[in-house]
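Number of protein chains: 2
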Amino acid sequence: MSRKVIKSVTNLYDKKIERLAEVPDEKLPPLKNNKELKYIGRGISRIDGYDKVSGTAVFTFDKILKNMAHARILRCPHPHAKIRKIDITKAMNIKGVIDIITKDNTEKIDWYDGDTFIFDEHLRYQGDEIACVAAENEVIASMALKKIEVEYEILSHVTDKMTAVKEDAPKLYDWGNISPDANPAKYNRGDYEQGLKNADQIIEEEYNTQFVIHNPTEVHCSTVDWNGDHLTIWDSTQGIFAVRNSVAAALKIPQNKITVIKKYMGGGFGAKLEAGKYTVMAALLAKRIGRPVRITIDRKEMNLAVGNRPDSYQRLTVGVKNDGTLTALGMTMYGAMGAHRDGAGCQWPLRSLYKCPNVKVEEYHVAINTGRSRPFRAPGHVQGTFAFESIIDMAAEKIGMDPIEFRLKNYAEVEANWEIPWTTKLLKECYKQGAEAINWKSKRNKKAGEGKGPVKRGVGMASQIWWGTGGPPAYATVKLNRDGSVHVLSGTQDIGCGTYTILAQVAAEVLEIPVERITVSLGNTDEHPYGPSSGGSMTASSVTPAVYDGALQIKAKLMSGASALLGVREDNLVYSQGVIYSKDDKNKKKSIQEVVRETHEQILVATGARNARPQGVMLNSFGAQFAEVEVNLETGKVKVLKIVAAHDIGRTINRKLLENQFHGGIIQGIGYALLEERVIDHYTGKVLTTNLHNYKMPTIKDAPEIEVIIVSEGDDQISAIGAKGIGEPAIIPTAGAIANAVYNATGVRIRTLPITPDKILNQVYNIG
Amino acid sequence: MSRKVIKSVTNLYDKKIERLAEVPDEKLPPLKNNKELKYIGRGISRIDGYDKVSGTAVFTFDKILKNMAHARILRCPHPHAKIRKIDITKAMNIKGVIDIITKDNTEKIDWYDGDTFIFDEHLRYQGDEIACVAAENEVIASMALKKIEVEYEILSHVTDKMTAVKEDAPKLYDWGNISPDANPAKYNRGDYEQGLKNADQIIEEEYNTQFVIHNPTEVHCSTVDWNGDHLTIWDSTQGIFAVRNSVAAALKIPQNKITVIKKYMGGGFGAKLEAGKYTVMAALLAKRIGRPVRITIDRKEMNLAVGNRPDSYQRLTVGVKNDGTLTALGMTMYGAMGAHRDGAGCQWPLRSLYKCPNVKVEEYHVAINTGRSRPFRAPGHVQGTFAFESIIDMAAEKIGMDPIEFRLKNYAEVEANWEIPWTTKLLKECYKQGAEAINWKSKRNKKAGEGKGPVKRGVGMASQIWWGTGGPPAYATVKLNRDGSVHVLSGTQDIGCGTYTILAQVAAEVLEIPVERITVSLGNTDEHPYGPSSGGSMTASSVTPAVYDGALQIKAKLMSGASALLGVREDNLVYSQGVIYSKDDKNKKKSIQEVVRETHEQILVATGARNARPQGVMLNSFGAQFAEVEVNLETGKVKVLKIVAAHDIGRTINRKLLENQFHGGIIQGIGYALLEERVIDHYTGKVLTTNLHNYKMPTIKDAPEIEVIIVSEGDDQISAIGAKGIGEPAIIPTAGAIANAVYNATGVRIRTLPITPDKILNQVYNIG
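Respectively, the protein sequence lines represent chains A and B. Heads up: the first sequence begins at 2 in this note's numbering, then just goes up one per residue. Heads up: the second sequence begins at 2 in this note's numbering, then just goes up one per residue.
In short, the hints are calculated from the structure, not lab data. These numbers were taken from a predicted model, which means no experiment stands behind them.
Chain copies aren't distinguished; within one or between two, either way the pair holds.
Keeping only pairs whose Cα atoms sit at most 27 Å apart, straight-line, the calculated DSSO-like set for lysine-lysine is: (1) K253 to K39; (2) K53 to K258; (3) K53 to K253; (4) K657 to K264.
Please put together the full structure from these sequences, using the hints given.
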């Protein structure tokens with residue numbers, strides 16, 4: 002048919018298909034060495050800095066439309082109940098109340114993969130949705146919530162996973178409380194029992210990690226507007242296409258009838274990866290009342306209803322020879338996924354951090370009467386790494402080996418689950434450079450708890466492995482204007498991490514033009530080619546190659562055009578800073594502006610796509626973090642003095658943004674290690690920590706000195722760019738490193754997070 | 002370099018370059034026959050109909066931003082003056098006035114190709130810009146205008162072109178009043194003098210046409226907003242990229258730093274083809290005051306300062322043999338371009354409508370002290386066709402030949418200026434079908450003016466030729482969602498003619514999916530690939546082929562993917578309504594949704610481009626219009642009873658929208674023929690018709706019965722779509738047909754437009 006794909010036809014038929022967009026005649030050329038790069042890797046300030054600093058940045062929360070109504074949700078105050086009756090009469094009579102929707106006056110819309118409906122008569126947690134009010138303002142809407150009369154049938158509840166798995170526990174579903182189908186998820190490798198027999202030492206320990214809440218700065222919110230049969234949604238989301246497609250499915254309309262827009266966002270951390278029920282409710286109300294609707298959830302709702310990191314009970318077993326060889330790794334794990342199905346597992350670090358032939362895992366994903374869990378920055382890996390790297394520390398101590406030596410002894414040269422090589426793995430270098438930076442040898446040269454006085458210091462470390470992502474399809478359109486300035490468009494989103502800036506850097510690098518001459522547009526499902534959800538450290542790793550591809554296509558067109566205009570074959574041309582020269586005669590040249598103009602084009606445009614994942618190799622990022630802590634044995638308070646984060650994350654795109662990300666991840670990790678916890682009163686089934694006073698998040702005063710070391714250069718075959726992603730790595734090993742440092746300082750091993758003063762003091766003084 | 006253009010490199014080097022985007026391996030396949038088409042050609046209602054009917058459509062005039070200031074322009078009340086002094090003190094003291102800019106406090110910015118500055122001390126027409134006020138609202142801004150004190154040096158003025166060309170006339174420029182360089186534009190073909198000698202009859206006549214004003218429904222307006230160094234402009238414009246590039250040049254910033262947006266517009270007719278001074282003023286003010294600025298010009302300003310159709314004096318000479326053969330055509334023409342350079346010519350109909358070997362043209366483009374002319378729906382052709390088709394009518398009468406016979410006798414089989422063939426020319430068919438529809442033979446079977454009573458009827462006709470456009474680059478991106486719905490993006494604009502709808506139809510035709518599943522986004526310079534300005538009947542003709550190309554690329558990708566998934570070679574596959582079947586086994590099939598999903602894509606995306614113009618052929622549209630009129634010789638009033646418009650415009654994309662366009666063009670042509678005129682008092686140099694009370698536009702009561710006949714099918718090599726454009730054709734021959742009908746009815750030949758009752762009566766009763 003059309004010329005542009007004609008070549009691919011035979012390829013596709015003859016070869017095994019991988020990606021339709023991706024039928025490369027040859028691989029994209031790799032980037033130059035880091036030192037030769039002019040834009041990529043540099044610490045360029047955010048190109049959206051002005052918007053943020055000046056306050057002109059429009060976040061979804063700021064999106065105000067004319068004649069807009071405001072919506073608020075009535076949520077169940079009980080952990081488990083059924084609705085007998087809802088009476089909205091009194092609420093509707095309040096002046097300024099426009100409409101109220103409930104299960105009684107809306108169609109049933111499946112939600113959470115059929116676990117429930119947008120409005121369900123079965124309420125499974127404190128915070129479950131009952132009604133949604135549209136009013137002239139939020140105050141009236143909130144008042145109306147109190148006037149909706151609901152008659153409940155109170156059901157017995159269970160808010161603790163270890164209770165929920167018991168036979169006589171209240172059940173949330175017909176299928177029980179263990180997902181799926183009452184059975185644990187299992188994994189076996191080698192012969193675990195034999196591995197234990199081969200061990201000289203067997204260490205068994207129990208660990209517990211707490212629920213934590215994402216609590217991003219910007220609360221979840223949507224503003225929705227129908228125009229005829231077209232719905233526009235401004236959403237505070239990590240995935241505009243995910244929201245569009247879910248809402249389209251819920252409302253049973255085609256995807257082209259919904260536009261989802263997100264320009265700026267105050268964080269998500271995984272809590273905003275899917276469409277919210279609130280968005281659908283706003284859409285339903287807006288349709289009924291014929292007005293735009295803004296809906297926000299408040300901090301209390303955020304702490305109840307829109308996600309958390311699942312807790313965990315982990316019973317770990319390590320078999321080890323006296324020479325340090327791991328012979329067996331075992332794990333039995335229970336994690337609470339809340340009232341609806343979601344992954345609560347954390348087995349991956351144990352399965353893939355070290356070489357060990359014999360592994361056995363049993364994971365129970367348990368439904369309880371609390372808000373549903375959701376992915377939270379390095380889901381599973383954070384819980385798993387804390388426990389596993391704690392027990393590894395203990396194993397090393399038990400055989401009298403330095404923890405780093407022990408890890409090197411069991412260094413995995415190939416990925417253990419599939420026995421395939423990694424694209425790159427520079428973890429050894431992380432150990433080396435991290436240890437040097439924290440001054441490991443001299444500081445660790447003492448027994449745990451040694452030293453005088455009540456204030457003890459110690460160092461500890463932990464490793465991390467994360468999915469070196471960049472797998473999913475990502476597309477980016479690059480447009481070159483006649484004046485040589487450039488637009489980059491992609492349907493990904495900047496959730497605060499700097500996506501606008503890094504995409505500009507990639508285009509700048511290829512076309513050799515200043516970042517100021519590049520405008521990046523993100524976050525509109527109508528206008529932009531698909532970009533993946535911003536999660537799993539996958540934005541940079543998947544979208545930068547697409548921009549690279551698009552920019553290279555533009556450059557190739559320019560070279561091709563210049564070749565014709567100058568009458569010089571392409572291999573005799575050289576491209577430098579927006580000018581194409583003949584190698585033989587530097588006076589024979591065309592600027593990119595001239596090429597566009599003289600080929601009678603108004604713009605050049607190309608859409609690039611991320612290549613398919615390389616097959617037969619494993620993509621992971623790696624890192625080691627080193628913590629130095631000070632523990633006051635009189636107060637039990639832990640102060641983190643320094644974190645050294647040494648990582649192999651592939652290519653650094655922007656050093657400044659990378660440090661931002663690592664600082665954020667480390668501080669969030671400190672919150673996880675020392676402060677944060679969702680506390681539930683199991684008797685009433687109610688959450689006690691629903692505001693930022695009771696729920697303790699770290700502040701700048703809790704932030705230690707942080708040193709970020711990137712050991713990788715970027716020559717990774719993951720893509721031509723070679724970026725593995727930096728969102729998750731920093732948080733993963735932080736709690737483990739701190740726990741190990743606390744042990745090194747005090748001789749006290751805390752197995753239950755967070756490491757609060759009471760737990761330290763209890764152990765030091767042998768209380769409880 | 003990159004795969005997608007690798008094939009083109011050799012082509013470009015080896016072949017003469019035409020367009021960089023366009024290096025087709027083969028031509029795009031032509032569309033099917035009209036009868037087989039499912040979407041193209043059908044009278045599908047506007048897909049933006051809901052927006053328009055419900056009132057939710059946001060026009061630029063409706064664009065309100067938070068904290069917005071309102072700007073108004075102080076304009077010169079004199080036709081010619083210099084500014085001695087401006088004092089803004091009193092105006093600035095008015096409460097609510099925020100800022101005032103003038104030549105004294107702004108940098109000089111070149112405008113009108115260096116003819117003047119945004120603020121110039123030399124004021125060349127009533128309406129020339131002096132100052133711009135930003136205030137809290139428009140009322141305050143208007144009050145402030147009256148308080149700005151300007152001391153003028155009044156200069157002598159000239160507001161009539163025939164006076165302006167005299168030696169002692171006041172001069173607007175150093176170079177005089179005749180552009181360029183005091184010389185007329187000349188054209189010669191063959192031997193004009195010899196042609197006259199060969200003639201049996203020589204007819205010489207003088208014609209005058211008036212100035213008319215575009216007067217679209219929506220006045221010119223912009224809302225501008227700076228965010229740091231980035232400027233967003235919502236503009237009521239026919240060319241978002243033209244505005245962006247002009248403002249970027251004026252402000253000396255790169256094009257990527259300006260976003261121009263236009264969603265809906267209330268018409269332009271050529272008056273909104275360029276950036277307005279007002280837009281630049283708003284941008285300057287917004288920068289100074291740090292607030293968004295909305296600027297509108299009112300109806301008076303529109304009638305003074307933002308364009309008009311130039312007037313004309315045309316002395317025409319026709320040499321003709323008694324058998325009807327044209328031997329010579331001569332034209333001396335004067336047209337007033339107003340105070341700044343712009344084309345005022347109208348020679349093309351005379352040069353290209355008929356076969357004539359000997360042609361001589363002299364055109365004077367004259368500067369006078371009035372607002373500048375601008376292209377106005379079929380610029381030049383409207384003035385030229387009225388005069389030329391009037392004299393052709395007289396020539397036919399002189400030798401006693403039917404006007405249609407006479408035109409057929411001189412039918413041009415090839416384009417006369419370059420002697421190259423047309424892509425298609427079906428003008429004969431227009432004559433035939435048009436004549437039948439108006440019942441020419443029976444109605445024309447009388448002498449001019451024959452018949453009893455004061456109310457006379459008559460029929461007349463005229464032909465048209467217009468640039469069969471579609472030359473300029475145009476691009477469109479097509480995105481296919483996983484659910485099979487589609488987005489079409491193009492940086493063209495819908496100025497009210499239905500662009501949204503016709504682009505959806507083209508994508509629907511190729512992909513065989515309903516129009517409802519296609520969303521079209523237009524009018525954003527950041528988000529969309531370049532589309533041409535909406536003028537010259539070129540939107541449909543240039544953008545539909547780009548959409549066609551993009552959709553074909555998507556279809557080819559789908560076929561290619563299905564081929565691989567089904568294991569069936571492409572030539573054994575058939576595409577039908579979104580499903581791809583094996584020809585041999587109808588059960589072997591994949592829906593387009595399956596192909597996208599199973600090739601691991603999230604979307605398919607392709608940017609199409611309009612092909613380069615075919616070389617060695619001429620692209621024109623043709624048509625003939627037939628008017629039946631009734632003239633009351635007691636009142637002098639002309640009533641148009643019926644217009645038959647028979648045209649060769651290539652492919653019809655949407656029959657309903659086509660009729661809209663033709664009705665609009667014909668009614669506008671009636672305004673030109675009978676009603677509209679900008680009247681100037683030459684003594685004071687002031688315009689007397691600056692509102693819609695004094696400036697008479699046709700209303701629905703002036704609309705006749707209209708019959709639109711399209712003789713063309715669309716098998717034109719102009720592009721795979723074959724659309725020649727329909728914006729201009731209908732207006733071009735309307736005045737000529739009416740004038741000829743008036744003559745046929747009354748025996749009175751009106752040579753000066755508009756044909757007002759006074760002119761009829763003056764001739765009938767031999768007055769004046």
